[in-house]
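*Asks:* The primary structure of each chain is shown beneath.
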Amino acid sequence: MASAPAAISGPLILGDKSPGQVTDDVCSALERGPARSWWIAIAISSSMLLLGLITVAYQVLTGIGTWGLNNTVGWAFDITNFVFWIGIGHAGTLISAVLFLFRQKWRTSVNRAAEAMTIFAVICAGIFPLIHMGRPWLAHWMAPYPNTRGPLWINFRSPLVWDFFAISTYFTISLMFWYVGLIPDMATMRDRLTGGWRKKAANFLSLGWNGSFRTWFHYETVYLLLAGLATPLVVSVHTIVSWDFATSVIPGWHTTILPPYFVAGAIFSGMSMVLTLMLIARKTMGLEDYLTKRHVGAMCKLLIATGGMVAIAYATEFVAAMYSNNDYEQFAFINRAKGPLCWSYWIMVSCNVLTPQILWFKWARSNMVVVFVVSILINIGMWFERFVIIVTSLHRDYLPSNWTGYAPTSIEIATLVGSFGLFLTLFLLFCRFVPVIAIAEVKGVLSHGRKSHE
Amino acid sequence: MTPQHRVAPVSNRWSPSFKPSARAYAVFKWLAIVGAVTFALGLLFTPQRALSSLLLVSVGLLGMGLGAALFIAFQYVCGAHWAVAIRRVPEAMCGILPWAALGILFTLLVGKSLYPWTTDHAVGMKGIILSYPAVLTRTVVFLAIWLLLVRAIVRRSRLQDTAGDPSLSVSNTRLSALFLVVFGLTFWMASFDWVMSLEPEWYSTMYGVYHFAGLFLGALAAMIILAVWLQRVGPLRDVLTPEHLHDMGKMLFAFSTFWMYIWFSEYMLIWYADFPEETGHFVRRQTGGWGPLFVANMVVTWLLPFFILLPKQVKRNPNMLVKVAAMILFGRWLDLYLLIYPASVGHESVTFGAVELGMAVGAPGVFALVFIRSFRSSAPVPVADPLLTASLNHHQ
Amino acid sequence: MAESRMSNANQRFLLGVFEREEDILAATNEARRRGLDIADVYTPYAVHGLDAAMGLRPSRLPWVCFALGLAGASFKVWFEFWTSAADWPINVGGKPWNSLPAFVPVTFEVMVLFAALSTVAAFLVGRGLLPGRRAKLAYPGVTDNQFALVIEETNATFDFDEVSAMLETFGVTHIEERVDQESL
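Which chain is which? The protein sequence lines are A, B and C, in order. To convert, take the position in the first sequence, counting from 1, and add 37; that gives this note's numbering. To convert, take the position in the second sequence, counting from 1, and add 156; that gives this note's numbering. To convert, take the position in the third sequence, counting from 1, and add 904; that gives this note's numbering.
Note that these hints are calculated values from the structure, not bench results. C-beta: ideal position from N, C-alpha, C; glycine also. A couple of the hints might just be wrong.
To be verified - No farther apart than 27 Å at their CA atoms in a straight line, the calculated lysine-lysine pairs in the DSS-like style are these:
| hint | chain 1 | residue 1 | chain 2 | residue 2 |
| --- | --- | --- | --- | --- |
| 1 | A | 237 | C | 1040 |
| 2 | A | 236 | A | 54 |
| 3 | B | 406 | A | 338 |
| 4 | C | 1040 | A | 236 |
As the list claims (entries may be wrong) - Derived list of chain A stretches under chain C, where covered just means 3 residues or more per stretch with a C-beta under 8 Å from a C-beta of chain C:
| hint | stretch |
| --- | --- |
| 5 | 158 to 172 |
| 6 | 226 to 238 |
| 7 | 254 to 261 |
| 8 | 264 to 271 |
| 9 | 406 to 412 |
Let the hints inform the model, and build the full structure from the sequences given.
*Replies:* Dropping the structure here:
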């Protein structure tokens, strides 16, 4: 309702659908056998996943000496991927929780898929610190439990411990939020199917949902409360990720603007990933009536806004480093722009600052090819942003005799490819087995059967 | 859209006949006079304190105007209708901008003693950024651009009342987007120039964000108080509903928490890294009697508002909401006092006396007088805005 | 609660089925205005304004959320203090034993976790939504595109024909009478 009335901006869902048509449109896509393109896509993505699995097994068995790290650059590719994937996840929570609080009704078409993306992205992100531990079978040492080692408690002053709590809470809450949203749709699928394993699964997962409005009423309260909790949670997660860096005394890492800057960057990158996936799903699954140009336009505007915040943060950091008159601070930022890894800096600036500016134009926002290309470029730019922050701040540290370079090994690249394989495989499976559009929520924003619609 | 309107947007219904009571007017006038007299006397006897207070109230009042302008710009850019009916309140709040800008220019021109770098010149890049001509040029340019853009937006909104042209909403949406971009690119630098450079050796990249958080929170609080007041005395009687209050209450809650988040992020990072050159800023504000104020700032700006505003009923209750908003405005003064005074007047002990009190009460007086004059110069609601009907009938 | 009332044997219910949101809203409003006892309404999605039409009181779940969130945060801040400053204090990076600013992040996360998990658990248990539970549908299609209004026939003065006629004016597509809970 915070958006303009329908009389001015047109309906959210095209084709004057009735609730029954929505059920048909979304469910029939699941009930049809998969298209050829789906089989091709899953063949590619699962091959990537297999490559990742093999390389992860190799790393765990051999040790993380298989990476390109050295004494000076102790954090590089894996942590870049970790921050990248966590960032991707943030857009899902933004759409499901923040836009819900702002009563942005256009979110109903995209929130299911975006939330699924959040869950898969967090899974991908979690893999990297797990491998980096070197002995992932001792990962449970991260949890504070009475143990026979003292008991030796974990160090609650460590940002890495904060991160463990943040990521695991974020994963739990996102999964729960997603599932709570799914319950009514599972009931719809259950009552629609006549038999088979899908009906059994839907029956189990729908928890006996019967559409009682007394239940709906409490459900709405739960949804609002979860949105109210998930909103500060999503901010806290990337804030804590930024604190992994900002609590240190490394020039380029220790800068107080990092928390809001990381949060804005996370939403920026996540929104671009949502757009990438949405534009593909829209085309291949025939959901043009649900994912309209209006939805794409709204997401493009969010890209301009969050991209602008990121650009302002780049400028603030640079000017403040000059202002500081601190040799190390100044050098860290000049080294980014002019040092041996300057190519990564300029990729970051051109993808994240320059590219989104084209979206100011309406023709660009309504041209799906342009939007798709922009979204891919931003994905790349945001990956490089993390690379720039992490690697260029480390590779030339306080002592010039320590200065070194960094290049990823084939193992590291294969692991990144594998994480994309995992993400895409999970997403493709999701498209086949779960209603990709929140059926019950979309029904709530239809103009059908209403005297007045806001 | 609902076919029948709850109230018909006919222009003669909104005649600008609003006049505050003589008593209210006298109170504001005397407050403003007290502020002006204390400033004049303070300038003669304790110039450093008078100028510090002038910087404090100017930055505070400029924040009110800029926060109101940002509110208007956000509404246009988002295409949101809910606040259209009360948009004349933030529009009239923008009227303070020229006066606040004059205060800041006066401080920079007369109060060079506040800024150590004007006498003890910095070297290197800092010397280039913090040279007197550079700061003055930036100040004039930033203030001029903000004033021009805000004036253009307010003028178009008012022009629409008589012209009735919906395309003015479109051009205002464009201007609003432009204003948001310009504000984002310039404001943080202005906050460096005017306030952060009081301690030229200290710097924090969060500083601009922190000022933005405080500025928007303060403007929201003032907007709530003014809207409820105008509803009580007449012009917004049939306009402001509990639904509008509920939304503004939610925004107040959200931005109070945002302010605390930014505050904590800055504090915790500096506490954690423990660089002597950075921690000094906070040490100066926690010792020498400043400690209780340092804590009180968090209590009145976030802790109490957070718990009071949690229930839905409070956000819809004008009496409660106004009290919380007033508390937040006090917190806003305290926040700026803590930023400015330990740096420019002295951190060894808390300095508070007639000058500070007089100017702290004078500022709302000046603000109210300017606000009333500006509010009376147009219809109390944007009568021809295409989204007005939706806003009048706004519900959750 | 509706369920407990419905479990009384020999209770009679009137079921009216609608196809449009505006009809179910208007019919529910009218039924309540006439003082009829609305057992429940079954809808495929959360119809905006139906809670007011049915006269439902606000949910108490926010209290669960607030109380458990506060409990989680208090517990966690105590636990962090106890492990870091009391049980086995270890000097890490010269930070004080009681590093309150550093304890805030985890405290916040645990607060969110407690608040959210307890709210959802309270909702599911309170509404009897449990894995594998068999759904009792008031009418086929209430999870798809049908809206069903169920009115309890509370006493002898309940006039079936009069209520049916009222529902007819709102475009009811199907009316039936049911006895006892098995049919619902």
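*Asks:* Now, for every hint given, state plainly whether the structure supports it.
*Replies:* Verification of the hints:
no. : hint           : verdict
1   : A:237 / C:1040 : 16 Å, holds
2   : A:236 / A:54   : 25 Å, holds
3   : B:406 / A:338  : 23 Å, holds
4   : C:1040 / A:236 : 15 Å, holds
5   : 158 to 172     : violated (count 0)
6   : 226 to 238     : holds (count 3)
7   : 254 to 261     : holds (count 6)
8   : 264 to 271     : holds (count 4)
9   : 406 to 412     : violated (count 0)
Hint check: violations occur at hints 5, 9; the rest are consistent with the structure.
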